[in-house]
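Asks: Residues per chain, in single letters:
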Amino acid sequence: MKQTVGSIEAILARLIGVFVVVFSLYFVITEWDGLMTLVGWLWGNLLQTPQAVQALIDYYAVLPAGQLLPSLLIGAVVGAVSSGVVLRSARAVLIGTGLGAISSQILARILQHCTYAAEIAPAEFVLGLIITSVSSLILLLPYWTFTKRGQRRIEPDGAGVFKAPLLPFLFLAPMILSLILFLYVPSLQTLTLSLNSRRFPLPQERFVCLGNYVSLATDPTYANSLGVSLLITALIVLLSLSISLGIAVLASQKLYGANLYRTLLIWPFALSPVVTGAIFLAIFREGGAGLINGVISALTGGTTLNWLRTPELAQMAVIAASVWNILGFNILFYIAGLQNVPKDLLEAAQIDGANRAIRFARITFPLLAPYTFFLLVTNITYAFYGIYGVVDTLTQGGPPLGAAGQNGGATDVLIFKLYEDAFNPGSPAGLAAAQAVILFLMLVGITMIQFRTLEKRITYAE
Amino acid sequence: MTENAMRRTGRVRWELHLALIVICFVMSIPALYALQVATLTAGEAAFAPVRLFPPGADLLPNMGDLFGRLNFGGLIMNTTIVSLVIVIGKTMLAMLAGLTFVYFRFPGRNLLFFFILLTLLMPTEIILLPLFRMMSDLGWGETHPRLALTIPFLATATGTFLFRQHFRNIPRELAEAAQIDGAAPVQFMFTVLIPMSWNVIAAHALIQFISSWNQYLWPILIVREPADQVIQVGVRSAVNFGLQADYGVMMAAGVIASIPPLLLFIFMQKQFMNGFAVTRDK
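In order, the protein sequence lines correspond to chains A and B.
Residue numbering for the first sequence follows numbering that gives the first Met the number 0, starting at 0 and increasing by one per position.
Residue numbering for the second sequence follows numbering that gives the first Met the number 0, starting at 0 and increasing by one per position.
Note that these hints are calculated values from the structure, not bench results.
Because the structure is a prediction, the values reported are computed rather than measured.
There may be inaccurate statements among the hints.
As the list claims (entries may be wrong) - Stretches of chain B that chain A covers, calculated by requiring three or more beta carbons in the stretch to come under 8 Å of a beta carbon on chain A: (1) 26-39; (2) 44-51; (3) 91-100; (4) 143-149.
Claimed, not checked - Partial selection, computed: residues in chain A whose CB lies under 10 Å from chain B: (5) L11; (6) G16; (7) P267; (8) A269; (9) F279; (10) I291; (11) T380; (12) G385.
Using N, Cα and C, we set each Cβ at its ideal position, and we do this for glycine too.
With the hints as extra help, turn the sequences into a complete structure.
Replies: See the structure below:
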């Protein structure tokens, strides 16, 4: 750090650097034996590799052809047809056939080819076909992406590139290894768990094929959670996006004290869902001392509502808390977006006689589309996952529906039900894992959208 | 309409100020209410009429409950350590990865980037069941709660993407000059890249700090010993504090738990906004 020696920034940077080094050392030293446990555990698992390979060979050796061949065939067909359509070459069809067939075995092996057994129910068989097709895409997607990229892009090389053959792999190793260990492997394990019947915390497991998914499909409490989640998510997203856009339009104007207003509008996003839930628990509580009931009672002369014990009102409380929690985040990004709308474009439209509403609808809003997209994804993610803390503090999934709660709870959203099912003693862990897989799939579609916008930005930058 | 007319004439735009002040006030009502309730005794909080002002006299006894019986001091310490480890770890790994993708050419570069980016599809909430089993195998929940709360979450696709985008916008001539001087990649990172990246580092660190500070689900699942818990779980236990709900203690807990992220947000706001402006629109 040779630039401006002695400046406050340089001193601050030094201090941060020293702190990071000292703190990291302290942490590693105090937790050293725990880290060694992890290393030992990894090493132990690595030593198991020959046995794992042997188990895989044994598995395929005794697998009936009637179960193996259909899965290979579907993988090959999916690979051939889709690669042909996407890449339009005979070579792609050939490679696609092979990759599809191999890739189909990833999920088929986890399912132990059970959906191709003779005695399987038709619904599970069809589901199995879909799973096998999806499985074959696992290797096909990267194949397509890179073949296409290779066709249209020439690497700008040479300038400012370090020459070292091994260093890049060394630098990436921590990232890649922890992604494999803590994301890829657990994701596949969730799938394995979802095929077993097991009651937490008992160790006995029984392979039940897609049985957990079938029982979810016929479970009224799960249907309730699905409906509740979709309703709450839709309302949260709609309200938070529209309100934040309206506020951002006001707050993005050039104004004396604009920065202060922005700070005052944005800060609630730094609060946690748990704290938000606690605050709204005080606001919506029963009796006249709660904020909402206090106001209502003052206006009506003594009437109060049982917010958290009435299904629709409890849903409204959860939605209000969540919207309040994420509004600041949305405002932040919408202000950034609004400031990037070119002023001359708006002025030209104004000269052409477009009024304020038309200018907003035809110019500002379309130009905000990337921001709206990004916020849509983050808000849906919040409403699906982040909401756990709000629900856990505010309503605990209640109030119960049906005479004895046999129809679930009015705010029993999917993520809350999942972890109730997963960790309450005597609860079905396999069923919870199946819920996790479904929740994951529901969000894959949404995240794919984010992925595509990311990708667009990547190509844009190049 | 009026706002536009105002802008053209250059007068002070009272309507806009008024609207924004009202909006800021309305958005702050839940927090103001929480602040006021935090100063009340359990009895006052349960029966006194609603007001946002003036504060009561019971703030210190409520704090006493939090830091005494609910061990908030210890919880804040735990959460600070855990959040710092996550922020430092994520920033280091993401910077290294960004550096590698921008300043190296190696076989499998695109494939590895794709491999990292693909994990955006796998939210933590989905993998907690198998992760819980893995941690049980290691025994970390009982013996090393700090490791259980940090080590699984150090890799970051968002961070990698953020730093990669940022490094790309730094002129390549700087890297060439560093190579002519014979600087090693790590040296280049510390002398050139980091000094040019403080905005992005701050924005990334702030986002990661807030999200680790607000962690709730994973700690409540994995940490066995109450003394090892994090602050959000403490807030949750303040909700169930006592036989009757004590809203005074509950709100005080919410206020205390929110001070560190709010302070950071206010002090780092400028870097935060700039950091995102840099990475989003080039």
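Asks: Next step is simple, just say for each hint if it's right about the structure.
Replies: Taking the hints in turn, this is what the structure says about them:
Evaluation of the coverage hint for the segment 26-39 of chain B: fulfilled, as 8 residues show C-beta separations to chain A shorter than 8 Å, against a requirement of three. Residue count for the segment 44-51 of chain B with a Cβ under 8 Å from a Cβ of chain A: 6. That meets the three needed, and the coverage hint holds. For the segment 91-100 of chain B, the stated coverage by chain A holds: 6 residues have a C-beta nearer than 8 Å to a C-beta of that chain, and at least 3 were required. Look at the segment 143-149 of chain B against chain A: 3 of its residues bring a Cβ nearer than 8 Å to a Cβ of that chain, three or more, so the hint holds.
With a cut of 10 Å, the hint placing L11(A) at the interface with chain B holds, because the nearest CB-to-CB distance is about 9 Å. Because the smallest distance between the Cβ of G16(A) and any Cβ of chain B comes to about 8 Å, under 10 Å, the interface hint for this residue holds. Residue-level restraint check for P267(A) holds (minimum Cβ-Cβ distance to chain B is 7 Å; threshold 10 Å). The restraint placing A269(A) at the interface with chain B holds, with a minimum CB-CB distance near 4 Å, inside the 10 Å limit.
The closest approach between the C-beta of F279(A) and any C-beta of chain B is roughly 7 Å, which is under the 10 Å cut-off, so the hint is satisfied. Interface restraint check: I291(A) against chain B, minimum CB-CB distance 9 Å, threshold 10 Å, status holds. Interface hint status for T380(A): upheld, as the beta-carbon distance to the closest one in chain B is roughly 7 Å, under 10 Å. At its closest, the beta carbon of G385(A) sits 9 Å from a beta carbon of chain B; the interface hint therefore holds under the 10 Å criterion.
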